[in-house]
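**Student:** Sequences listed follow chains L and W, in order.
Counting along the first sequence from 1, when you hit position 209 you're at 209 in the working numbering, and nothing is skipped either side.
Counting along the second sequence from 1, when you hit position 309 you're at 309 in the working numbering, and nothing is skipped either side.
Since the hints were made in silico from the structure, they are not lab data.
In this text the structure is predicted, and so the values were computed from the model without any measurement.
Cβ coordinates follow ideal geometry from the N, Cα and C atoms, glycine included.
Among the hints, a few may not be true.
[What the hints assert, rightly or not] Straight-line C-alpha distance at most 30 angstroms; calculated DSBU-like pairs for lysine-lysine:
1) L:Lys222 to L:Lys248
2) L:Lys338 to W:Lys97
3) W:Lys179 to L:Lys191
[What the hints assert, rightly or not] Computed spacing ranges between beta-carbons, pair by pair:
4) L:Thr361 to W:Gly120: 37 to 45 angstroms
5) L:Glu188 to W:Ile62: 48 to 56 angstroms
6) L:Leu270 to W:Gly120: 23 to 31 angstroms
7) W:Val266 to L:Thr333: 38 to 46 angstroms
8) L:Asn61 to W:Ser238: 30 to 38 angstroms
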Amino acid sequence: MKKLVYLVMAACVVTFCFSSNGWTQRKTTIKVGINAPMTGDIPKVGEGTKYAAEMWLDDVNKAGGIEVGGKKYPVELVLEDNESKAESAVKANTKMITQDDVMIIIGPQSSKQAIPAGDVANNYETPMISPWSTNPATTADRPFVFRGCFLDPFQGPVLANFITEEFGFKKAAVLYDVASDYPKGLAEFFKAAWEEKHGAGSVVAYESFTTKDTDFSSQLTKIIKSGADFLFTPQYYNEVALIVNQAKDLGWKGPVVGSDSWGSAETVELCGEACFGQFFSTHYAAAGAKGATKEFIDRYNASYGYVPDDVGALTWDALRLAQAAIEGAGELTGDIKKDRTAVRDALARVENFEGITGKMTFTEEGDPNKCAVIVKISDKGEYEFYKSICP
Amino acid sequence: METLKKLFRPFSVVPLAGWFLGVFSAVLMEYYLGDLISYYLYLPKIPVLFGTLFMLKNPLLIPSALAYDCIVYIVPVFLVARLFAPLTNQLAAQLEKMPLWLATLLHLAAFYGILHMWAGINDYRVLVVKLTMISIILTLSLNVINGYQGEFSCSHPGFMALGAYASSTLTLLLFANDKMFGEPLMNPALGPWLFPLILIVGGGVAALGSLIVAIPSFRTRGDYLAIISLAFLFMVKSAIENMEIIGGPRGMSSQPNYASLTVVFVWMALCIWIVHNFTTSVLGKALNAVRDNEPAANSMTVNTRKTKMTAFMFGAFWAGVAGGLFAHVLRYVNPGTFGLNKLAEILAMVYFGGLNSIYGSIIGAVSISMLSEALRPLELFKWIIIPLILILVMIFRPHGLISFTELNVKELMRPRDKERAGGVE
Numbered sequence: 001m002k003k004l005v006y007l008v009m010a011a012c013v014v015t016f017c018f019s020s021n022g023w024t025q026r027k028t029t030i031k032v033g034i035n036a037p038m039t040g041d042i043p044k045v046g047e048g049t050k051y052a053a054e055m056w057l058d059d060v061n062k063a064g065g066i067e068v069g070g071k072k073y074p075v076e077l078v079l080e081d082n083e084s085k086a087e088s089a090v091k092a093n094t095k096m097i098t099q100d101d102v103m104i105i106i107g108p109q110s111s112k113q114a115i116p117a118g119d120v121a122n123n124y125e126t127p128m129i130s131p132w133s134t135n136p137a138t139t140a141d142r143p144f145v146f147r148g149c150f151l152d153p154f155q156g157p158v159l160a161n162f163i164t165e166e167f168g169f170k171k172a173a174v175l176y177d178v179a180s181d182y183p184k185g186l187a188e189f190f191k192a193a194w195e196e197k198h199g200a201g202s203v204v205a206y207e208s209f210t211t212k213d214t215d216f217s218s219q220l221t222k223i224i225k226s227g228a229d230f231l232f233t234p235q236y237y238n239e240v241a242l243i244v245n246q247a248k249d250l251g252w253k254g255p256v257v258g259s260d261s262w263g264s265a266e267t268v269e270l271c272g273e274a275c276f277g278q279f280f281s282t283h284y285a286a287a288g289a290k291g292a293t294k295e296f297i298d299r300y301n302a303s304y305g306y307v308p309d310d311v312g313a314l315t316w317d318a319l320r321l322a323q324a325a326i327e328g329a330g331e332l333t334g335d336i337k338k339d340r341t342a343v344r345d346a347l348a349r350v351e352n353f354e355g356i357t358g359k360m361t362f363t364e365e366g367d368p369n370k371c372a373v374i375v376k377i378s379d380k381g382e383y384e385f386y387k388s389i390c391p
Numbered sequence: 001m002e003t004l005k006k007l008f009r010p011f012s013v014v015p016l017a018g019w020f021l022g023v024f025s026a027v028l029m030e031y032y033l034g035d036l037i038s039y040y041l042y043l044p045k046i047p048v049l050f051g052t053l054f055m056l057k058n059p060l061l062i063p064s065a066l067a068y069d070c071i072v073y074i075v076p077v078f079l080v081a082r083l084f085a086p087l088t089n090q091l092a093a094q095l096e097k098m099p100l101w102l103a104t105l106l107h108l109a110a111f112y113g114i115l116h117m118w119a120g121i122n123d124y125r126v127l128v129v130k131l132t133m134i135s136i137i138l139t140l141s142l143n144v145i146n147g148y149q150g151e152f153s154c155s156h157p158g159f160m161a162l163g164a165y166a167s168s169t170l171t172l173l174l175f176a177n178d179k180m181f182g183e184p185l186m187n188p189a190l191g192p193w194l195f196p197l198i199l200i201v202g203g204g205v206a207a208l209g210s211l212i213v214a215i216p217s218f219r220t221r222g223d224y225l226a227i228i229s230l231a232f233l234f235m236v237k238s239a240i241e242n243m244e245i246i247g248g249p250r251g252m253s254s255q256p257n258y259a260s261l262t263v264v265f266v267w268m269a270l271c272i273w274i275v276h277n278f279t280t281s282v283l284g285k286a287l288n289a290v291r292d293n294e295p296a297a298n299s300m301t302v303n304t305r306k307t308k309m310t311a312f313m314f315g316a317f318w319a320g321v322a323g324g325l326f327a328h329v330l331r332y333v334n335p336g337t338f339g340l341n342k343l344a345e346i347l348a349m350v351y352f353g354g355l356n357s358i359y360g361s362i363i364g365a366v367s368i369s370m371l372s373e374a375l376r377p378l379e380l381f382k383w384i385i386i387p388l389i390l391i392l393v394m395i396f397r398p399h400g401l402i403s404f405t406e407l408n409v410k411e412l413m414r415p416r417d418k419e420r421a422g423g424v425e
């Protein structure tokens, strides 16, 4: 019994000693949640997200916080790692909403996390912007969920139109990963758009493979034999390097066209000269950028030592959008639920927002109406702005 | 170690009911005073997972968080448990006179009540608790195959995927207005009542799927099963990826929200009970015999083939049920979720907790889930710390923390005030 009393006393003493430690008040801070894949399959994406967010926080802190209704509020970032897993993204969102009381969430980046996480955000009536998720299900029927990029049903026709106008080609070949959500969706939209323009059967080869395949010779041989004018392959950078090089070795002469997944700096590094002169559609072009875009790229490059890819730029835009929405919310009541709704309404009202990846206006569904950029890979391996195509 | 033992000696007289009372008082305290206490300790909010999350993010808060844990959890739990020990021992003695099932049910109900109240403070806790309980089901079901049966099966995420997709398809088809399947075929009000049936169907589909692995591979032993079951995992994954009707690689979303905390808890309790009964039955003993020496078991009239198949299907069934619950907790499934990462996670839980043991499975599932949740702020270092712990466990306890122990509910619930003959201390 005696020991017990000592134990209790010791516990109390410890408590009182330490409690004088953090004499800080609970202040009203605006918390912005970042749900990013810091570990897992795509850590590079998480890193880009984190760096863009840190740069944004720097800017906000320099300005003394975000001004809402004539009052400046300090800003805090809450960064959660979603491990590139769906259930972790859901846990992270739930935690940020119910525990950290975030005003708005930026992320998750890939659709497999953004779809379930968006459901959580919408249920708790917390605005969320996914900068990079292209799957329509992320925002569909969810008034609180927005995204920062254009959708695949837009990108497919953009590419089909560009190729028709630029080269005057008639016969298309498509090579895509059947087991991955993004390439598969985009390949389908492209095929539909191309066949609408040139009639059924104008996609002469529609070949697929499975994630992590590294030998594409059988598909490429079929494509070469089909007599297609060009090859469209909406793949990620590691596969692009293999496909383009293997096609060249097998004697493919025509151009290879890609989509925004080519946008990573790694594409050229891995692919080498085979990729020079090819085209792809994306969100923004780093080389030859002007104004705010160039400023962002230079700052990012100076701080972190490489040119940001589209994830960094889109995250930056999403954060600036969030800032604009919070500033436009009128007044913060301190009641987090009301404030979140006000921010969501302000976000839906945003019109012609000047982002570094283009002008944005949200549709009813929370998807932005924005232009796509066609990029040409120059002879030096830089991503040169070639053309901008607007809806 | 000695001082620790000495410190805990006064508490050896506390029965399970006493600990429940202690935890209950702590939870009550958090419920009514948690906000106030955390305010005076300058914590931003009631810490969700004992403060581990913001301890790692902001080390300045460590003293406050520790103080909070002390005031709200440690002191009340131990104090109340010890002070009320005479009373709770009487209660335990009363409960002991009741039929075992009734006493167990009462304990379970009390435990659920406490858990519900604790989790109810924050929705994040609810989610973590739900996913942890699903992990317990998964770990137990894999332990039947890898522990009790002594094989090495790698197809558990595949069974989980089968269960998840089967039950999601059914709920979306029958009770939800979905883009993929259109109008609900039945009145959505019936949904929560038929949900158990749907989970059983999901488990059944997984069990049927397990036959694909079981029939060819049980003619052999050892590594072959590991290889065939790994192949099965990839088969399921690419089959689902290529089936456009259930969403292909895009997955299925917006399942109705049927998997509440109560539902998951009941299924977990059922799973523990049934797995316990299975492994202590004649069949379970036969299974152990087959594991230790198959020819000997065969010569003792054990039908080895049938035994192995039944156990394998049984394990797959519970993996399917867990998959169904998982799909309805997350309300989204895609084939990518059920890959090698998931397999590694479940295997880690089984081998960390301990083979051939229900306690071990529960401890493995809870500790790995909680660790990976609590260490999340460390990002990359989390993936260094957890494997390191696993390696250490494998070195010092090669069969896991608590292996080869049977669940004994009667022993667990007995009063502790007097030593009894043969009572294990």
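**Student:** State the violated hints by number, sorted upward, taking the hints as numbered earlier in the document.
**Tutor:** 2, 6 and 8
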